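Start from chain A and add chains B and C according to the hints.
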Amino acid sequence: MKKRLLATTLAALLAATSLAACGAKTDKTDTQTTGATSAAETTKAAAGTSASTGGKVTLNLSWWGNQTRNDVTKKAVDLYMSQNPDVDIKVEFTDWSGYWDKLSAMAAGGNLPDIVQMDYSYLNQYQKSGQLADLSEFISTGTIDTTKISESIIESGSIDGKCYAISLGSNAPMMLYDKAIVEKAGVTIPDQLTMDQLYDISKTIYEKTGTKALYDGGINMMQIMARANGSHLFDELTTGKEDSMKIYFNTMEKFAKADFSISADLLAEKNPDVVETKPIIDSSTWNDFLLSNQYISVSKTAGRDLGITMFPTITDSKSQPIYLKPSMFFSVAESSKNKEAAAKFLDWFVNSTEANDILLAERGIPVNSAVADEIKPKADEISQHVFDYVAKVSEVATPIDAPDPSGKGEVEALGKTVVEAVRYGDATADDAVGQFVPEAKKILEEAGK
Amino acid sequence: MKNNQTPPKRKETLAQVLNRPKVAGYVFILPFIIGFLAFLAIPMILSLGFSFTRYNILKTPVFIGLENYRTMFTGDPKFWKVFGVTMYYVLFSVPLRLIMALAVAMLLVKSTKLSGFYRAVYYLPSIIGSSVAVAILWKRMFASDGVVNALMKVVGLPGDIAWLGRTDTAIWTLIILAIWQFGSSMLIFLSGLKQIPVSLYEAATVDGANGIQRFFKITLPMLTPTIFFNLINQLINGFMAFTQSYIITQGKPRDTTLFYTVYMYQNSFTYNKLGYGCAMAWFMVFVVGVLTLILFKTQKLWVHYEAEG
Amino acid sequence: MMTGYKERRTAITLIYHVFTFFFACVMIYPLVWMVMSSFKNTNEIFRTAASLLPETFSPTNYLVGWKGFAGYSFAIFFKNSFVIAGLSTIGAVISSAVIGYGFARMDFKFKSFWFACMLLAMMLPFQVIMIPQYIIFNKMGWVGSYLPIIVPQFFGQGFFIFLNVQFIKGIPYDLDEAARMDGCTVYSIFYRIILPLIKPSLVTSAIFSFMWRWDDFLSALIYLSDPLKYPVSYALKMFSDPTAGSDWGAMFAMATLSLVPIFLIFLTMQKYLVEGIASTGIKG
Numbered sequence: 001m002k003k004r005l006l007a008t009t010l011a012a013l014l015a016a017t018s019l020a021a022c023g024a025k026t027d028k029t030d031t032q033t034t035g036a037t038s039a040a041e042t043t044k045a046a047a048g049t050s051a052s053t054g055g056k057v058t059l060n061l062s063w064w065g066n067q068t069r070n071d072v073t074k075k076a077v078d079l080y081m082s083q084n085p086d087v088d089i090k091v092e093f094t095d096w097s098g099y100w101d102k103l104s105a106m107a108a109g110g111n112l113p114d115i116v117q118m119d120y121s122y123l124n125q126y127q128k129s130g131q132l133a134d135l136s137e138f139i140s141t142g143t144i145d146t147t148k149i150s151e152s153i154i155e156s157g158s159i160d161g162k163c164y165a166i167s168l169g170s171n172a173p174m175m176l177y178d179k180a181i182v183e184k185a186g187v188t189i190p191d192q193l194t195m196d197q198l199y200d201i202s203k204t205i206y207e208k209t210g211t212k213a214l215y216d217g218g219i220n221m222m223q224i225m226a227r228a229n230g231s232h233l234f235d236e237l238t239t240g241k242e243d244s245m246k247i248y249f250n251t252m253e254k255f256a257k258a259d260f261s262i263s264a265d266l267l268a269e270k271n272p273d274v275v276e277t278k279p280i281i282d283s284s285t286w287n288d289f290l291l292s293n294q295y296i297s298v299s300k301t302a303g304r305d306l307g308i309t310m311f312p313t314i315t316d317s318k319s320q321p322i323y324l325k326p327s328m329f330f331s332v333a334e335s336s337k338n339k340e341a342a343a344k345f346l347d348w349f350v351n352s353t354e355a356n357d358i359l360l361a362e363r364g365i366p367v368n369s370a371v372a373d374e375i376k377p378k379a380d381e382i383s384q385h386v387f388d389y390v391a392k393v394s395e396v397a398t399p400i401d402a403p404d405p406s407g408k409g410e411v412e413a414l415g416k417t418v419v420e421a422v423r424y425g426d427a428t429a430d431d432a433v434g435q436f437v438p439e440a441k442k443i444l445e446e447a448g449k
Numbered sequence: 001m002k003n004n005q006t007p008p009k010r011k012e013t014l015a016q017v018l019n020r021p022k023v024a025g026y027v028f029i030l031p032f033i034i035g036f037l038a039f040l041a042i043p044m045i046l047s048l049g050f051s052f053t054r055y056n057i058l059k060t061p062v063f064i065g066l067e068n069y070r071t072m073f074t075g076d077p078k079f080w081k082v083f084g085v086t087m088y089y090v091l092f093s094v095p096l097r098l099i100m101a102l103a104v105a106m107l108l109v110k111s112t113k114l115s116g117f118y119r120a121v122y123y124l125p126s127i128i129g130s131s132v133a134v135a136i137l138w139k140r141m142f143a144s145d146g147v148v149n150a151l152m153k154v155v156g157l158p159g160d161i162a163w164l165g166r167t168d169t170a171i172w173t174l175i176i177l178a179i180w181q182f183g184s185s186m187l188i189f190l191s192g193l194k195q196i197p198v199s200l201y202e203a204a205t206v207d208g209a210n211g212i213q214r215f216f217k218i219t220l221p222m223l224t225p226t227i228f229f230n231l232i233n234q235l236i237n238g239f240m241a242f243t244q245s246y247i248i249t250q251g252k253p254r255d256t257t258l259f260y261t262v263y264m265y266q267n268s269f270t271y272n273k274l275g276y277g278c279a280m281a282w283f284m285v286f287v288v289g290v291l292t293l294i295l296f297k298t299q300k301l302w303v304h305y306e307a308e309g
Numbered sequence: 001m002m003t004g005y006k007e008r009r010t011a012i013t014l015i016y017h018v019f020t021f022f023f024a025c026v027m028i029y030p031l032v033w034m035v036m037s038s039f040k041n042t043n044e045i046f047r048t049a050a051s052l053l054p055e056t057f058s059p060t061n062y063l064v065g066w067k068g069f070a071g072y073s074f075a076i077f078f079k080n081s082f083v084i085a086g087l088s089t090i091g092a093v094i095s096s097a098v099i100g101y102g103f104a105r106m107d108f109k110f111k112s113f114w115f116a117c118m119l120l121a122m123m124l125p126f127q128v129i130m131i132p133q134y135i136i137f138n139k140m141g142w143v144g145s146y147l148p149i150i151v152p153q154f155f156g157q158g159f160f161i162f163l164n165v166q167f168i169k170g171i172p173y174d175l176d177e178a179a180r181m182d183g184c185t186v187y188s189i190f191y192r193i194i195l196p197l198i199k200p201s202l203v204t205s206a207i208f209s210f211m212w213r214w215d216d217f218l219s220a221l222i223y224l225s226d227p228l229k230y231p232v233s234y235a236l237k238m239f240s241d242p243t244a245g246s247d248w249g250a251m252f253a254m255a256t257l258s259l260v261p262i263f264l265i266f267l268t269m270q271k272y273l274v275e276g277i278a279s280t281g282i283k284g
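Heads up: the sequence lines are chains A, B and C, in that order. Read in this note's numbering, the first sequence has 181 at position 181, and its numbers run on one by one without any break. Read in this note's numbering, the second sequence has 249 at position 249, and its numbers run on one by one without any break. Read in this note's numbering, the third sequence has 34 at position 34, and its numbers run on one by one without any break.
One chain only, chain A, in its complex shape (with noise of 0.2 Å):
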C-alpha cells in the first residue's frame, strides 16, 4: 500500500515536471530564454529553405576545450558566420568534466545544444537514448559531403548502421620515450615492441642509468590486449571470458613486481591522467603512454623532443592491435529544429580548407584526407611529428573496436582500483582477473538495463 502510495506520488511529480516525458522525441520546450524561439519557429516553418525567407537561422554549438581550441573554433566559427549571413551560431564552451555534467542536464531538460561535441566513450549512451539526430540521411543527399573521408571514420560514428556522430579528428594511442635516455642506455626503439621486449629493454635502461620505466594500466592498454588476442574488450567483459584479461593482469603483475617499475605510491603522486604531470616529464620514468592529440601540450610541458613508437603489442599476437581513434565528434541533437542547417554546418566544419586552416588540426588530424595534406605544410615541428605518426599507424591499424557500451566509465573506475591493488601488491593477478571479470560482467548487465 506504502509502495504504490509511493510509486503513484513520484509518478504524479514526475508529470509535473515533465521529467517522464524529457526525451527529445516527445519535446516541445521552446528554445530558452533567448530570441531563438521566434527564428526556429521561422526555419521550422521554412524548413531548410530557411535563406529564401530571410529569416536567421540560430544553431547553438557546444564543445569542451582549453583556451587554444576555444580560440580557434570561435574564429572558424565567426568565418562561417561571415559567409553565410543567413546563419547565427550561438557557441558555449566549458571545460571536460563540466561538460558532461551540463549536457545530462540539458539532455534531461529536453533542450541540448543543436550541434554538441560528441566524445567516443560517450556516443552510445547518448544515440540510445533518442538523443543524437541521424545523419545518415544528410550524407546520402550529400549535404555532408563524404568522399575525402575513410569509411572507417564514418563507421567509427554510425551505431548499427547509421551514423549519428562526424569525427573530427583521428588520434592514436603511443608510447613516448626519452631519446637522450635511451641514447645513453644504448638500446634502440623500434616502430613497436612487444610486452617482453618491453620488459627487457625498462630493465636494461634501469640498469645503465637508473631510470624507471613505467607499466600503463588504463583500460587503452586492457583493449590493445584484447585486441593482440584476437578480441575484443567489451565483448570478453560481457559474455565473462577472461582470457585476455589474464594476459593483461599478468603483464602487469609482472611489471609491477620488477624493481626497474616507478613505485606505487610515487606513481599515484604523479598521476599519469593529467597531461602535465606525467612521470615522463620530470624524467621520473623514461617512457609513457598516451594519445597522439596529447602529444604536444606533454613535449611542450617537458621542454624536449621526445621519441614517438606504436603502443607496444604482446609476444605471438593474433593481430596487429593498433588502431585510428576518433578524437571526439559533432552530433546533431534530434531536438534540434535545425538539423539541416547544423549538417550544413559540419559538413564545412570538415571539409574546407579555410576551416581547417584556422584549426589546424587542434583535435586531432583532419579526417579529410585532401585537408589533411594541405593543412600539414603549416603546422610546426611537433606537430609535424603527430602528422607522420598517425599517417604511419593508419597503414597498419586495425578497425576500432565498437563505440563503449553504456557502463564503460564505471568499468574503467573498477579496472583502476584493481590494477592499484595490484600495483600495492594487495592482489595477485589471479585475484585481479577473479575480481575484475565478473564485477565488470555485472557493471554492463546493470547498465544494459
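Note that these hints are calculated values from the structure, not bench results. Hints are supplied without guarantee of correctness; some may be wrong.
Said to hold, decoys possible - EDC-like cross-link-like pairs, simulated, lysine to aspartate or glutamate; straight-line CA separation at most 16 Å:
| no. | chain 1 | residue 1 | chain 2 | residue 2 |
| --- | --- | --- | --- | --- |
| 1 | A | Lys128 | A | Glu446 |
| 2 | B | Lys59 | A | Glu334 |
| 3 | A | Lys442 | B | Asp76 |
| 4 | C | Lys229 | A | Glu92 |
All values derive from a computational prediction rather than experimental measurement.
The following block gives chains B and C in isolation, referenced to the frame of chain A:
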C-alpha cells in the same frame, strides 16, 4: 496563517495581529518558506523519489523499490569503504580545524596595531577556497620534491616521502588542507568573542580572576552558542566535502581519499546511476541528520544562551 | 589567554608578535608560492616544486590569461562575477537576517519543522538536486540568465540564517522587553535593537556570501550558456583540459587576480567585525 489563531476575544487591528509572535514569526520566515517551496522542496522530493528508481538521466526512471538501498548496504563494498574514509576525515578534520580556529581567534582578538594585518593573513588561505589552483598548489607542496619534504630534510627527517601516493598519508594531506583553511570558523569565533560584554570581564577582574580562569569561566561559556554553530556547520561541511578529494587526489591511492560525495557524484554522473546517487545522498542526509539531532539534544547540557537567562 | 585587560609587559607583547608573525608566515607560504607560480612557465611549475622564486619574472601568464577565450576577455568575466556575487550577497544578507530573527525570537506553530527543513537543505548535496532544479528553472524560462543563480539567494541561506539565530540568541531578552515597554512592535525591535547588535554576524555573512558566490562555478556551469555571461570562477576552469593539455601558468595568473576582489572585500569589512557589543558599550 491567521486562520490558525484562536478566535480573538476582542477585535484587534491588523497591526496588533501582526505583532503577535505567532503571526510575526511567519511574517519573518515567509521568505524562507517561499524560497524553500519554490526552489528546493520539489527537487528534494524528486531526488528522494529517484532513490527508489533506476535512472540514468537520459532515460525515464524505472521504479525498483528498495533495490538501490539494498545494493548500497550489501552489494557494494566500495560504499562502506568511502563511508569509512569520510568518517575518518570528519573525525579528525572537524575538531582540529575548530581548535585551530578558536586558538587563532583568541590570539587575534587582542587589539594591536597589527590586528587587521594578522586577521587578513590568517584568513587568506581560506579565500582561495577549493579551486583548481589550490589543487595544483597542494599537490606541489606535498610532492616528493616539494617544500614539505624539503623542510623535513632540513630538520633531519626522511625527506623523500610520497605523501600523496602512500595509502597511510594521503588522507592527511587533505585533513591538513582542511585545518589550513580554518578562516571561516575563525571569523565566526572572532565575532562571537566580540559579542561577549566587556562588563563581565571587568567584574571578573575585580574579583581577581586570572587569564585562564576568565577563559574558562567567561569566554568559553559565553562562546558556546558560537561553538555549537561552528560544530554543526563544520560537521555538515565535513560530510559534504567534495572538491578536495575530487580535484586533488581523485580518491587515489587505493581509494583511501575517495570521499562519500565524490563516489556519490561518480555514480550519479560518470556511471549514469543518478538513482543510486540519490539513495547515497539520502543515506548521508540521514547520518548527518541523526548526528545533528544528537548535538541539538545535548545543547541543553552545554550551550549557554544569554536570551534564556 | 590574551584577552586580559591588564597592562602587559613588553616582553609578552614581543613574544606575542614574534609568534603570531612567524605562524602567519607558515600559513601564507603556499599562497606566496601560488603568486610566484603565476610568473612561471607552466613547465617550470611542474619541474621545480620546492623552489619559490621564478627563474625570471614574466608577465606573460597575465597577458595570455587576461585575453580569455574566443575573444571574451577576463574583463567581461570579472564584471559578471561582481554582478552575481554583489546582488546575491545583498539578497542573502538581508533575507537571512529577517528570517533568522523570526526563528530566534518568535514562537510559532511548526517552527521546528521549518527549522529542520532549513537544516535539511544544508545537508543535501547540490549534485543530486541539480537535475530536477534545472528542469524546474528551464520550465520557468530562467535557464540562460542569472535568475536561477541570484534569485534563490533572496530567500535566505541556511548557513546565514543559522548564524544569525545563534547571534540573536546571544542577545539578552531584557533589551526586547525594555523596548516593548516603550511601545515598540516586534518589527521595530528587529530594526532598532537587533539589527545593530548583530552587525558582526551580518558582516560575517556578507564576507562569506560574497566569497562563496564568487567561487561558485557549478551553478554557472549548469545555468549559463552565453560566454558573455560567464563568471571568473567558471572561466578559470577552462584553462585546464586533461584530454588535450592545460595552461596552468595562465590559470595561476587569473586565479591570483580573482583573489584580489575577495581579499579587498575582506579588508574593508573586517574592521566592522570587531564592533561587537563590547565596543558599542551595551551591557548585558
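Each hint tested on the structure:
no.: 1; hint: Lys128(A) / Glu446(A); in the structure: 15 Å, holds
no.: 2; hint: Lys59(B) / Glu334(A); in the structure: 14 Å, holds
no.: 3; hint: Lys442(A) / Asp76(B); in the structure: 12 Å, holds
no.: 4; hint: Lys229(C) / Glu92(A); in the structure: 11 Å, holds
Every hint, counting from the list given before, is met by this structure.
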